[in-house]
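A.B. asks: Those protein sequences? They're chains A and B, same order as listed.
Residue 186 in the UniProt record's numbering sits at position 186 of the first sequence; the count goes up by one each step and never skips.
Residue 246 in the UniProt record's numbering sits at position 246 of the second sequence; the count goes up by one each step and never skips.
Because the hints were derived from the structure by calculation, they are not lab data.
A portion of the hints provided could be inaccurate.
Claimed, not checked - Cross-link-like lysine to any residue pairs, in silico, SDA-like; alpha carbons within 25 angstroms at most:
1. A:K628 with A:S577
2. A:K730 with B:H154
3. B:K556 with A:R388
4. B:K322 with B:E273
5. B:K543 with A:K354
6. B:K546 with A:I300
7. A:K365 with B:A151
8. B:K11 with B:K56
9. A:K354 with B:Q440
10. B:K41 with B:H154
11. A:K332 with B:K565
12. A:K312 with A:D377
13. A:K260 with A:K274
14. B:K319 with A:L315
15. A:K633 with A:N595
16. B:K565 with A:G443
17. A:K457 with A:G443
18. B:K319 with B:A441
19. B:K49 with A:L308
20. A:K457 with A:V416
21. B:K551 with A:R388
22. B:K115 with A:I300
23. B:K101 with A:M273
24. A:K402 with B:E538
25. B:K543 with A:L718
26. B:K558 with A:M341
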Amino acid sequence: MSSKSRSKRKPDQFDFVDKGVNDSDSSESEESVYSGLEEEPDTSEEDQEQSSNQSDNDSSDNDDDEDITLDDKSGLELSTEQRKELSTASDDELNEINDQRYTGNVKSQNRKQQKQITVKTADRPDEYDYDSSDEEDIRNTVGNIPLEWYREYPHIGYDIEGNRLLKPEKGDQLDEFLNKMDNPNYWRTVTNKMTGQNVVLSKEDLGLIQNLQSSKHPDSMAENYQPWIDFFTHEKMIHPVTNHPQHKRSFIPSKWEKLKVGQMVHALKMGWMKPTKAKTEEEEEENFYMLWKEDEESEITRRYRAHLPAPKMPLPSHAESYNPPPEYLLTKEEEEKWQNMEPEERRMNFLPQKYPSLRLVPAYKRFINERFERCLDLYLCPRKPKIRMNINPEDLIPKLPKPRDLQPFPTAQAIVYRGHSDIVRTISVDPTGQWLVSGSDDGSVRFWEVSTGRCMKSITMETGSLGNMCIRSVAWNPHPDVSLVAIAMGQTVILVNPGLGDKMVTNNTDNVLHSFSPTEEESMGKKVYADWSSIDTSDKRFENGFRLLLQHPKEVSQVTWHGRGDYFASVMPKGDSMSVLIHQLSRRRSQNPFNKSKGMVQCVLFHPVRPFLFVATQRYVRVYNLLKQELSKKLMTNCKWVSSMAVHSGGDNIIIGSYDCRLSWFDLDVSTKPYQTLRHHKRAVRAVNYHRKYPLFASASDDGTVIVCHGMVYNDLLKNPLIVPVKILKGHAISHDLGVLDCVFHPSQPWVFSCGADTTIRLFT
Amino acid sequence: MGRERRKKYEKGEATAFMSRNQAINKLQLTLADFRRLCILKGIYPHEPKHKKRVNKGSTVHKTYYLVKDINFLAHEPIINKFREFKHFVRRLKKAINKRNKDAEQRIRNNKPKYKLDHIVRERYPSFQDALGDLDDCLSMCFLFGTMPQGARVHMEYINHARKLTVEFMHYIIASKSLRKVFISIKGIYFQAEVMGQQLTWVVPHGLGYQHPDDVDYRVMQTFVEFYTTLLGFINFKLYHSINLHYPPKLELDAATPVDENEENMTEKERYQERLSALSQTLRSLDEGGGEEEVQLDEFPAVETDDPDRVEKAKVEAEKIKKLQNLFKGLKFFLNREVPRETLVFIIRSFGGDVSWHKSVAVGATYPESDESITHQIVDRPQTKNQYLSRYYVQPQWVFDCVNNTSLLPMESYFPGATLPPHLSPFVEEAEGDYVPPERQALINRQLGLQEDSGVEEDEEGSEDEEEDEEEEEEEESEEEEEEPEKGRGKRKRKHETEAATADQAKKLNMSVEAGAPENFNVEQKLQRQTMEERRLAEMMIPKKKKRLYDKIMFAKKKKNQETRKLKEKREAIETQKKSESKKKKKKQ
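All chains, please: the whole structure from these sequences, using the hints.
C.D. replies: Set out below in structure tokens:
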């Protein structure tokens, strides 16, 4: 009985005490009036426990011999484990009770402290003599009320004569502390909450408390193991214990039973009721057999064929090891990052950890969760056959001829032309390829010698009436016998004779211009689109090379020459119905080819051989036949905003650069949609250009690069043009979010000029 | 006369799929019963190609089952059992509420039961199919087998799972089919090769269980219910394939005396305990000749004429045979802090003998004082009264030996020593993956071993010790060598510094310096050129393929980054270690 029953009792100690108290209660009729009877013993018991614990602790602290002797005397032994349990469990309670003492309040929780089983007051020892522990304390007659009602009064209740029971004086915390230090009995002093008196527990009391805690008989003297008196033995005695005569029903068969049995027998006979079979063990267990026979062929059903087996769980990597190589452990930052990620986003669903030995490896917390998730996947996750492609990325790269085999093309930066003080917006090369003209935002036009990089001439525009100083466009007359440059600035187009190169040519040009005489005055009747004015030789500007001025109604953004050099066109994006004007140099006449605006014109170009005009609006390029005066084609660029355009020397292919980083190649014979769209640039494409002789084209972009591509056009109509990017030319710096603004090929060499926002012009050869 | 107009959603995908609710309505089951049925029958949802078409134009997310699957479920006899069970519960409740004990008992005795044999057969028409799908089954059974008794899971399941896993482990031991083992932080992974199929399962570390709250144990129980049936049949078949009794019978049965641990057990429990100790061999069906048949060597692909392949297969078979007898002739003793079952399982499946202190568990075969013990496995820094006649090693040694298919030198595994990293044997390095240096060393060693494997095989046991000694000597000599090198280095450096000072002195005087030719690195230039060409070619990838290409390249880049990161980390750690050791040396 001993060990087992004790261990059983252990968890419900209070139960035991309850019973004891209840038993004693039953002897007293008066007390059963209390409503809170069930709680009472609990609280009182708790208190005792606390006090005894405290005693326990104190004794262990002070190494007090008394306590030990007391234990010995009472003949009880607390096993070490029990002691530990007590001390750990009651640490908090102990603190609590100490607090209570300090504050000196009688807390409401500790109400109904009517019964102090083990309390012996110091002042009235005589009462203890006759008082049984269960009896109600009658020193305070207030009854079963919360004692906090008396908190604000100097007294705590009334004694049996009706006199006030005054609260005993209580010292402050210092007194308490001194008491704790000095008083050897402090550890076994408890406060009687009913009277407010301090009570020192005697050794017997302590023994009793300990006995109660260890679920033993409260009285240590009581004999636990009394000899068992076998009162009712199995042996037959000659004398019966009781000598009542047996009742009649004990030997007469039961009528009801007979009836029931009869019914059952009948049911059995009829087969309605069957005797229950006794269960054998074998039945309970599953018995396995050879489910798959050796020689049996498995039938392959359609169901079986359609079955998609679930993918297997991934196998563990090195990082999952209990002792991984050190590099797999996460650093603090990585760990933090891992913690902050959503569980679904994590690449590893565990934190790698290292344990010095196998003995220290704990159980994995999420093991069951992971298994469960796997189960969910198995029966809830939709399955679908997935084709896993194993593609070599090299195969995706189109097979193109190597750039090395497509030479010549510009590969390296050769010359940097410096001199401008602001963005260089536009450049143009003269037909011989000796001279270069550039226009900048600082209002100057500079002429450079290509081969040396020397600035031959610089013309600074006067502001005055012209207003805006930006040079928007420059264009060298493509005719080799004419030395003229068209400059678009503000609302004017200026024709300048730079006076460079062959003297004959320059003089010739001057003469031709000078000898012009307005023959027909028929134009008077017509509307004048642009105001032509020639500059006198006496004018100061003549020295600079200014020859003709064309005043436009709106700002001019671009000028471009016809291949033969007699016509040139100017673009006024805001000019509505006269946004494109075509000027004839020989007759000094301007005409407006369109009488209706088709959108904001971005740029225009003449067909190199045939009388066509390409007009690029924001999203479309229209091709007009100038002879027939009709629209011959409309190209869909598929881009948001066209920035520039260039025509192949054959005239059948054009390229278009756009602000949405694209470059589209159109084959006019084939389609009105781009044959190929190249997205090579990261930023807006500002300018595109074809080489006149070599199969090259270039595009300049705001990302500071010029990309040169090989663009071979075959004479065979069935063969598509071959486009291969051959070189990315870098050099221009990006400023104000602008990179390279214009690029032009040298007319005869495979060289490309580019100008940019970093105020330089560069030649790549 | 036009044709009758076809209505939408009356043909094709719309009729091939059924949402879950529709399925439940059709089968007239509760959701829980439907779930159980799906789990038992292995029916899973399907993802239709065009969801919108299936859902009649709506795009609401739903789970779809194939209509054919649901029709198939409708013919399942177990559905009737479910219904019977429903009635059973109803009757039982009634009896309980009326406090009619007799009726309650009677009803309980007549609890409807169902068997899953036919479902196993149906789901796995051939034994190979069943083996192929065994991974999850094993992991779940091992999990349930180690679960503690509690309110969450029915005890019946736990006992059943435990019994079957023990039987399975006995089979693995008897057939020597264990191949790889790995201690991870999640549990211990095992990989066995059974009839040509790789089976991988994980056993949790058997410590401090905590049941999570966010797990539905009913789902897991249903799985285990099926898995235990499956594993039972598989065990039966496997046992018979190597001529063993099923249910397993121990070799020495009644003869062994009753232990003190076993005193208060029933006969059945005692038998089960002995069985789960894994320390005894099983009795085979035909006495005597059993041993040889177990070790049947298979030479696959004999029909192939290719001599290379035959040779390869031979080498492979040889290797496996060597692995199977890795611990043959060795006698192990396990200390009590070591995970007993795992180690017994591993050591015995590689031919070793193993025992433990008899107070730890039932089934110890020899005491610690046995002089013939060769290895004692210890997981504590130091042990008292050591025997000189045996090695004391940490448990990781056993695992690493198995994964390396050879007995490793034991220095770094002695008790108290810092263990070398434990690497996963499941990782197969592809090109560009990070390979930890330890792994690299292992691969190199294996390659080296393979070249002259024929010579070394026979005298491994004796050679081990020799090797150890040699290695020690080598290390010493290396150290000696290092020192003079350092001295030389210093001297060199001295020379250099002297020369430099002389140069400086010269420079003070005015002089003409010889122009150095520009360093023209042809290779670098070529490389740069090819890089540029590649970049240019990349630009010409059409948009259609560009995405795919970018994805592939991104993945490649990520992988490279990771490997580089790991490499750098490792290097940093190593340099730190070196510097620390240097400091220590200096201090000394």
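A.B. asks: Does the structure break any of the earlier hints, and which numbers would those be?
C.D. replies: 2, 4, 5, 6 and 16
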